[in-house]
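Asks: Sequence:
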Amino acid sequence: MTFEIGFLFAVLVAMVYLFLTEKLPVELTAFIGLVVLIFTGYVEPDMAFVGFSSPAVITMFSIFFISGALLRTGVADVVGKRMSRLSGGQEVPLIIILMLVAGVMSAFMNNVAAAAVLLPAVSSVARHSGISPSRLFMPLSFGAILGGTTTLVGTPPNILTAEVILGQEGLEPFKLFDFTPVGLALLGAGILFMTTIGRRLIPERIEAKVADRSSHLSSAYRISERLTSIRVPKASSLDGQTLRETRLGTALGAAVVGVRRAEKRILAPGPDFRLQADDLVVVDGAFDDLQSLLAVQGVAVEEANAGQLDAIAAQVEVLVVRLPAGSGLIGRSLRQLHFRDRFGVLVVGIRRGRDLVRQELARRVLQQSDELLVLATAEQRTVLADQKGLDIVDAMPVRDAIGEQLFLIKVPTTSPLAGVSVRESRLGELAGLTVFGMVREGKAVVLLSSDDTIHAGDELMVVGESDRVLDLVQLGDLELGSVSTKAKLESRSIGMVEAVVAPRSDAAGSSLRKLHFRDRYGLQALALWRSGTVVHKELADLRLRVGDGILLHGPREKIAQLAADVDFVLLDYDEEPPRRYKKAPVALASLALMIALVASGAFPIHVAAFTGAVATVLFGALRMEEAYRAIEWRALYLVAAILPVGTAMEKSGAAQLLADGVSGIAQTYGTYAFLAALVVLSSLLSQGLDGAPTVVILAPVVLLTAETLGISPHPLMMAVGIAASAAFMTPFSHKANLLVMSAGGYRSMDFVKVGTPLTVIVLALIVFLVPLVFPF
Numbered sequence: 069m070t071f072e073i074g075f076l077f078a079v080l081v082a083m084v085y086l087f088l089t090e091k092l093p094v095e096l097t098a099f100i101g102l103v104v105l106i107f108t109g110y111v112e113p114d115m116a117f118v119g120f121s122s123p124a125v126i127t128m129f130s131i132f133f134i135s136g137a138l139l140r141t142g143v144a145d146v147v148g149k150r151m152s153r154l155s156g157g158q159e160v161p162l163i164i165i166l167m168l169v170a171g172v173m174s175a176f177m178n179n180v181a182a183a184a185v186l187l188p189a190v191s192s193v194a195r196h197s198g199i200s201p202s203r204l205f206m207p208l209s210f211g212a213i214l215g216g217t218t219t220l221v222g223t224p225p226n227i228l229t230a231e232v233i234l235g236q237e238g239l240e241p242f243k244l245f246d247f248t249p250v251g252l253a254l255l256g257a258g259i260l261f262m263t264t265i266g267r268r269l270i271p272e273r274i275e276a277k278v279a280d281r282s283s284h285l286s287s288a289y290r291i292s293e294r295l296t297s298i299r300v301p302k303a304s305s306l307d308g309q310t311l312r313e314t315r316l317g318t319a320l321g322a323a324v325v326g327v328r329r330a331e332k333r334i335l336a337p338g339p340d341f342r343l344q345a346d347d348l349v350v351v352d353g354a355f356d357d358l359q360s361l362l363a364v365q366g367v368a369v370e371e372a373n374a375g376q377l378d379a380i381a382a383q384v385e386v387l388v389v390r391l392p393a394g395s396g397l398i399g400r401s402l403r404q405l406h407f408r409d410r411f412g413v414l415v416v417g418i419r420r421g422r423d424l425v426r427q428e429l430a431r432r433v434l435q436q437s438d439e440l441l442v443l444a445t446a447e448q449r450t451v452l453a454d455q456k457g458l459d460i461v462d463a464m465p466v467r468d469a470i471g472e473q474l475f476l477i478k479v480p481t482t483s484p485l486a487g488v489s490v491r492e493s494r495l496g497e498l499a500g501l502t503v504f505g506m507v508r509e510g511k512a513v514v515l516l517s518s519d520d521t522i523h524a525g526d527e528l529m530v531v532g533e534s535d536r537v538l539d540l541v542q543l544g545d546l547e548l549g550s551v552s553t554k555a556k557l558e559s560r561s562i563g564m565v566e567a568v569v570a571p572r573s574d575a576a577g578s579s580l581r582k583l584h585f586r587d588r589y590g591l592q593a594l595a596l597w598r599s600g601t602v603v604h605k606e607l608a609d610l611r612l613r614v615g616d617g618i619l620l621h622g623p624r625e626k627i628a629q630l631a632a633d634v635d636f637v638l639l640d641y642d643e644e645p646p647r648r649y650k651k652a653p654v655a656l657a658s659l660a661l662m663i664a665l666v667a668s669g670a671f672p673i674h675v676a677a678f679t680g681a682v683a684t685v686l687f688g689a690l691r692m693e694e695a696y697r698a699i700e701w702r703a704l705y706l707v708a709a710i711l712p713v714g715t716a717m718e719k720s721g722a723a724q725l726l727a728d729g730v731s732g733i734a735q736t737y738g739t740y741a742f743l744a745a746l747v748v749l750s751s752l753l754s755q756g757l758d759g760a761p762t763v764v765i766l767a768p769v770v771l772l773t774a775e776t777l778g779i780s781p782h783p784l785m786m787a788v789g790i791a792a793s794a795a796f797m798t799p800f801s802h803k804a805n806l807l808v809m810s811a812g813g814y815r816s817m818d819f820v821k822v823g824t825p826l827t828v829i830v831l832a833l834i835v836f837l838v839p840l841v842f843p844f
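If you read the sequence shown in the numbering used here, its first letter stands for residue 69, the second for the next number, and so on.
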């Protein structure tokens with residue numbers, strides 16, 4: 069192996085690592101790899117960006133247009149409704165019809181979009197038939213993935229195999245329906261598996277109920293058990309104030325879902341709703357949590373003075389402690405690590421890059437290179453210095469570390485805080501505050517233990533935002549009470565809906581607070597479902613991910629507006645989103661035009677697809693701004709930037725080296741053994757990588773090995789392309805899996821249990837069937 073080949077392999081290994089870990093966006097990793105290959109001479113500058121104009125990218129680009137047109141004109145919705153009518157409410161027929169419909173749709177449109185379009189219909193069918201949604205969403209995802217293998221344009225790996233073959237002189241490129249015999253067989257096998265063995269493996273994560281949707285959602289998100297009532301007493305400072313002025317929801321960290329006034333019930337009151345004495349405010353918040361928060365009522369809050377800061381500085385110092393690579397603390401929160409009890413020190417801030425975090429410290433998941441601002445005595449500094457996974461890199465003055473964030477809470481004799489421990493006060497857990505000391509009888513005591521008792525007359529030294537405590541104090545005396553578990557949260561004008569963060573959503577990566585969700589959409593988020601777990605706390609600051617389920621409550625007209633937003637998919641939503649039904653024939657005609665041009669042999673696939681895409685916009689089935697939203701730009705950029713890697717492997721001799729090595733497998737064990745090895749490798753890589761890089765990396769090896777052995781590259785490339793789409797084993801292997809994960813309440817292990825045997829079956833069929841369609 070030459071140095072040139074070794075360096076290229078090192079670059080590829082680094083790229084694969086970054087693809088798998090997603091420490092950088094996958095398309096950025098591809099861009100960086102391309103730049104490195106250009107500057108090191110593996111790719112000529114005039115050939116560096118040919119990927120952006122390649123037929124594969126043009127075909128993908130065009131298919132996104134046609135997919136968007138089928139969605140916007142309601143064609144996909146009509147297909148989903150027909151599926152609902154045909155199923156008859158029986159689980160096995162429903163799975164068969166569901167996977168068939170998803171497969172047919174994803175043959176000509178983006179398979180993630182096909183799954184997203186069918187999600188609401190499947191949710192509705194599940195509710196009306198009494199079948200758990202988790203029994204149906206996984207078959208939906210797998211059907212869409214398998215359906216993509218049935219045509220050349222069904223999935224990016226298939227499109228790329230055509231690009232590879234097209235680039236070889238004297239070889240006939242794949243046609244639109246060359247993949248169909250194998251793809252249909254795989255879809256049929258997938259349906260058979262999911263209705264027999266797979267059906268027994270699919271979990272019932274969400275309870276099946278035929279009851280009304282509101283009860284079902286309340287139960288699934290455990291809302292009914294969290295409803296608490298708050299009575300506004302007579303002469304309360306809240307009397308006559310709006311919800312915005314009272315900051316009631318912000319102070320309590322709870323969503324206001326309704327107000328009962330005498331015999332009148334007001335659901336989802338807006339921020340300008342004005343409270344009155346004797347109002348019963350219903351909030352989505354656990355009774356015990358609210359009771360603990362309201363324990364601060366009656367306390368006095370004041371800023372720390374210079375003398376108190378000097379008293380603290382005389383007892384402790386602030387250490388800057390960094391988490392190096394490989395630290396056992398990375399990936400866990402301070403609460404999970406029992407950091408305070410374990411080391412006897414107190415973290416008063418976390419520096420992450422340029423940001424300094426001081427609130428909600430206990431729940432922050434630690435990351436590599438985080439710097440913890442730690443209050444410690446000289447003795448504790450010695451102990452910390454000996455700890456593995458912690459590096460003391462600096463010290464800083466107490467005044468600089470906590471001066472602006474330090475305040476005192478004076479505990480009166482009548483306070484519920486008197487007589488409880490620091491841990492039992494739950495000020496850190498519920499209010500995001502760090503209690504690190506107290507002033508008792510004029511003497512400052514620093515670095516309290518979590519078990520130290522708070523006494524009446526104490527002044528608690530606290531780091532955090534005093535506004536939260538001031539808001540709680542200003543609420544005055546409030547009376548907490550329980551709410552019936554049968555309380556209705558919906559009316560003719562107010563509804564509750566489950567929304568899923570869609571693929572290519574601008575909301576992914578942002579928090580509800582950054583999105584200004586309440587102001588923008590007029591809906592209140594009550595809970596979030598992620599990886600089989602319901603999240604109720606700190607919803608506003610949680611970064612959203614594709615596939616997250618969000619329970620929303622508010623006016624039905626606002627829900628209708630959200631239904632038209634491409635960033636979210638509404639489950640079990642009966643209202644029709646705005647569709648351009650009169651233009652449905654245009655969308656279908658554009659699709660038919662593409663198929664006709666390819667089938668006739670008049671034009672190659674990228675020209676035919678581009679012609680169909682232009683027709684969708686030209687004749688009004690899709691607007692340009694909608695077309696831009698329909699495109700999965702990350703996928704296009706990834707493919708365009710990764711294509712030159714194949715050229716680099718050929719030019720450097722890396723592909724020849726690998727081909728010489730793997731050709732021995734065929735010479736020793738036969739061509740089928742070599743094909744099986746390629747198929748398994750392609751599938752395993754695609755479980756973590758995107759299918760597109762998998763095809764690009766393997767393509768040069770396939771072509772050179774085929775030339776060495778004197779066999780056709782067609783069956784090898786087809787097998788690699790289809791195997792790269794066999795992404796069933798993890799929820800992260802395909803966006804369709806991510807999309808249904810939260811909606812079905814699945815855990816990662818559910819995909820392993822169901823997807824692994826399906827993957828084995830699919831790969832075995834690929835090895836057996838592909839050579840029958842395209843002989844060696």
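Hints listed in this document are in silico derivations from the structure and should not be mistaken for laboratory results.
Cβ coordinates follow ideal geometry from the N, Cα and C atoms, glycine included.
Be aware that a few hints might be false.
Lysine to aspartate or glutamate pairs mimicking DMTMM-like chemistry, simulated, CA-CA at most 20 Å apart [as the list claims (entries may be wrong)]:
(1) K582 - D633
(2) K626 - D587
(3) K302 - E313
(4) K456 - D438
(5) K556 - E331
(6) K582 - D423
(7) K478 - E370
(8) K651 - D587
(9) K302 - D545
(10) K650 - E694
(11) K456 - E439
(12) K511 - D633
(13) K605 - D535
(14) K626 - D340
(15) K651 - E694
If you anchor each label on the Cβ, the simulated ranges turn out as follows [as the list claims (entries may be wrong)]:
(16) F71 - A393: 49 to 57 Å
(17) T70 - G457: 39 to 47 Å
(18) S121 - K91: 28 to 36 Å
(19) A393 - A667: 54 to 62 Å
(20) P623 - F117: 44 to 52 Å
(21) P653 - S121: 26 to 34 Å
(22) E606 - G721: 48 to 56 Å
(23) A745 - L656: 36 to 44 Å
(24) T450 - L583: 44 to 52 Å
(25) S559 - K478: 18 to 26 Å
(26) R588 - T450: 51 to 59 Å
(27) M115 - K91: 26 to 34 Å
(28) Q383 - A524: 50 to 58 Å
Asks: Hint by hint, note whether the structure agrees.
Replies: Evaluation of the provided hints:
| no. | hint | in the structure |
| --- | --- | --- |
| 1 | K582 - D633 | 17 Å, holds |
| 2 | K626 - D587 | 11 Å, holds |
| 3 | K302 - E313 | 18 Å, holds |
| 4 | K456 - D438 | 15 Å, holds |
| 5 | K556 - E331 | 14 Å, holds |
| 6 | K582 - D423 | 16 Å, holds |
| 7 | K478 - E370 | 8 Å, holds |
| 8 | K651 - D587 | 33 Å, violated |
| 9 | K302 - D545 | 10 Å, holds |
| 10 | K650 - E694 | 17 Å, holds |
| 11 | K456 - E439 | 15 Å, holds |
| 12 | K511 - D633 | 59 Å, violated |
| 13 | K605 - D535 | 19 Å, holds |
| 14 | K626 - D340 | 17 Å, holds |
| 15 | K651 - E694 | 14 Å, holds |
| 16 | F71 - A393: 49 to 57 Å | 27 Å, violated |
| 17 | T70 - G457: 39 to 47 Å | 40 Å, holds |
| 18 | S121 - K91: 28 to 36 Å | 30 Å, holds |
| 19 | A393 - A667: 54 to 62 Å | 55 Å, holds |
| 20 | P623 - F117: 44 to 52 Å | 49 Å, holds |
| 21 | P653 - S121: 26 to 34 Å | 32 Å, holds |
| 22 | E606 - G721: 48 to 56 Å | 54 Å, holds |
| 23 | A745 - L656: 36 to 44 Å | 42 Å, holds |
| 24 | T450 - L583: 44 to 52 Å | 47 Å, holds |
| 25 | S559 - K478: 18 to 26 Å | 45 Å, violated |
| 26 | R588 - T450: 51 to 59 Å | 52 Å, holds |
| 27 | M115 - K91: 26 to 34 Å | 28 Å, holds |
| 28 | Q383 - A524: 50 to 58 Å | 24 Å, violated |
Violated hints, in rising order: 8, 12, 16, 25, 28; the structure is consistent with all others.
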